[in-house]
Structures are given as structure tokens and as C-alpha cells.
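Asks: Protein chains in written order, with numbering that gives the first Met the number 0: chain C, 0 to 119; chain E, 0 to 132.
By construction, these hints were calculated from the structure, which means they are not laboratory data. Accuracy of the hints is not assured; some may be wrong.
What the hints assert, rightly or not - Computed list of lysine to aspartate or glutamate pairs in EDC-like fashion (alpha-carbon distance at most 20 Å, straight line):
id: 1; chain 1: E; residue 1: 128; chain 2: C; residue 2: 105
id: 2; chain 1: E; residue 1: 128; chain 2: E; residue 2: 11
id: 3; chain 1: E; residue 1: 12; chain 2: E; residue 2: 114
id: 4; chain 1: E; residue 1: 61; chain 2: E; residue 2: 112
id: 5; chain 1: E; residue 1: 128; chain 2: E; residue 2: 114
id: 6; chain 1: C; residue 1: 6; chain 2: C; residue 2: 83
id: 7; chain 1: E; residue 1: 12; chain 2: C; residue 2: 105
id: 8; chain 1: E; residue 1: 61; chain 2: E; residue 2: 118
id: 9; chain 1: E; residue 1: 61; chain 2: E; residue 2: 29
id: 10; chain 1: E; residue 1: 128; chain 2: E; residue 2: 112
id: 11; chain 1: E; residue 1: 12; chain 2: C; residue 2: 51
id: 12; chain 1: E; residue 1: 12; chain 2: C; residue 2: 23
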Amino acid sequence: MEVPILKQGQFLIATIQAALSDADLVQLRTALVRQVVRFRSLGVIVDVTAMDVVDSFASRTLLEISRMIRLRGADTVIVGIQPEVAFAMVQLGLTLEDIPTALDLEEGLAYLQQKFTTTD
Amino acid sequence: MTQEAQIPISSDKDVVLARQQGRLLALQLDFSISDATLIAMAISELSRNIVSYAGTGTVILKGIQGSGRIGLMIVAADAGPGIADIALAMRDGFSSSGGLGLGLPGVRRLMDEFDISSEPGRGTTVTGKKWRL
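Work out the full structure, taking the sequences as your base and the hints as a guide.
Replies: Following this line, the structure appears as C-alpha cells:
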């Protein structure tokens with residue numbers, strides 16, 4: 000299950016469309032980092048609305064994605080964590096540490112746009 | 000309506016399959032979406048442990064009854080290397096595979112009842128039960 004990555008100006012949007020296996024998550028990480036380099040993107044949005052669970056492996060991979068992209072000087076925003084998924088993550092003791100999160104794609108884009116217009 | 004499922008686990012794809020079946024069974028048993036997600040999360044962690052530490056194993060999901068309540072039982076079993084020090088493995092922050100170290104104590108928090116038995120060289124069996132509110 001490959002995750003489509005859409006280029007939207009200076010940003011990339013990865014929309015997860017179904018439950019992902021560990022291998023799918025690792026593939027997403029590789030593809031995103033590659034695309035950020037290729038397009039010199041300033042920001043990345045990962046939309047996890049369709050994820051059935053965000054378990055320890057998924058959390059760790061999302062953190063890695065954010066850190067790798069940070070090293071390229073770009074920002075990552077995670078959007079669409081469902082309420083029950085958030086509840087389960089907290090129960091399991093998982094956090095996304097300092098990765099910015101937003102309610103949905105629209106708010107994620109607004110976050111990045113605001114960030115990159117004020118620093119221009 | 001299937002009240003019991005036995006899922007062989009040997010790859011990351013089986014992890015997804017097992018947790019999806021678990022969620023389905025939980026919803027069939029009338030668990031809330033929130034509890035069904037907790038159950039799916041626990042299954043995901045336990046079945047991944049099987050793949051990471053033992054290579055292969057089995058996850059059994061079963062609708063259960065006890066003192067007038069309905070529940071779901073998860074049994075994750077493998078014949079892998081086993082856990083030498085269960086007390087240590089149950090401590091938050093401990094991991095022997097470079098993970099976040101939240102596996103087993105986290106799963107215990109997700110479940111209402113939790114039991115682990117392991118024998119070095121013989122394998123590990125983790126049993127978790129969640130009761131419907």
C-alpha cells in the first residue's frame with residue numbers, strides 16, 4: 000500500500016489512505032525524505048486520518064520522518080489523528096514529542112503557510 | 000458471527016491483519032470504538048513482538064463471558080527465545096530491540112487483565128482481557 004505524495008507549492012502532502020504495515024511506513028519515510036530533497040520543499044504534511052491505529056512502530060517512524068526532514072531545514076506537521084487513536088496512544092504512553100500536529104489538512108496547511116510567510 | 004479467530008503471525012502484514020480482525024471482533028461484541036481501538040493497538044504491539052523476537056507465532060482472539068460481563072481475550076503465543084527477566088521487561092522504558100521500550104507495560108495499561116508467562120528457550124505467551132463497560 001503506497002502512500003501518494005502530492006506537491007502543493009513549497010509543501011508536500013502525504014495522505015495515508017488505509018492501514019499501513021511496518022514496511023509501508025518505512026517506505027513512506029524513504030519516499031518523503033527523497034521528495035523533500037528533490038523539490039526543495041519547506042514543509043510536509045502527513046495526513047493520518049485513515050490510520051486505524053498509531054502504535055509504537057508508527058509513532059517512532061513518524062518521529063523519524065519529522066527529524067530527518069528537520070535536518071533538511073523543513074517542517075513536518077501531522078494532521079488528522081482520530082480521537083480514539085489519540086486516546087489509545089496516550090494509554091500506551093506514546094507521544095509524538097515535539098512534532099507539530101493539527102486537526103486536519105486545512106489547519107495543517109494554514110500552520111505551514113503562516114510559518115513561512117512570517118519568516119520571509 | 001465468529002467469536003474466535005486464530006491468526007498465524009509471521010510478518011508485518013499479519014500484524015495489520017490481526018489488529019483489524021481484533022477491531023472487528025470488538026465491534027461485533029459491542030465494544031465502543033474507543034475500546035475497539037485500544038484492543039487493536041494491544042494486538043498490534045503483541046503481534047509485532049512475535050515478529051520481532053520470535054519470528055513466528057499465533058494470536059488468538061476470543062469473545063468471552065465472565066460474571067455476567069462480555070469481554071475479549073487476546074492470547075499471543077510464540078515458541079521464540081522467551082524472556083529471561085519478565086519483571087525487567089514489564090518495566091516502562093525497557094526494551095531489548097532498540098524500540099521505545101513501551102511494549103509490554105503499555106499493553107498492560109490498555110487491558111483490564113494481563114498475564115505473561117515465558118520460559119527462556121521455550122517461548123512466551125501473553126494473555127490480555129478487556130471487559131465491556
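Asks: What hint numbers does the structure not satisfy?
Replies: Numbers 1, 2, 3, 6, 7, 8 - these are the hints that the structure violates, sorted from lowest upward.
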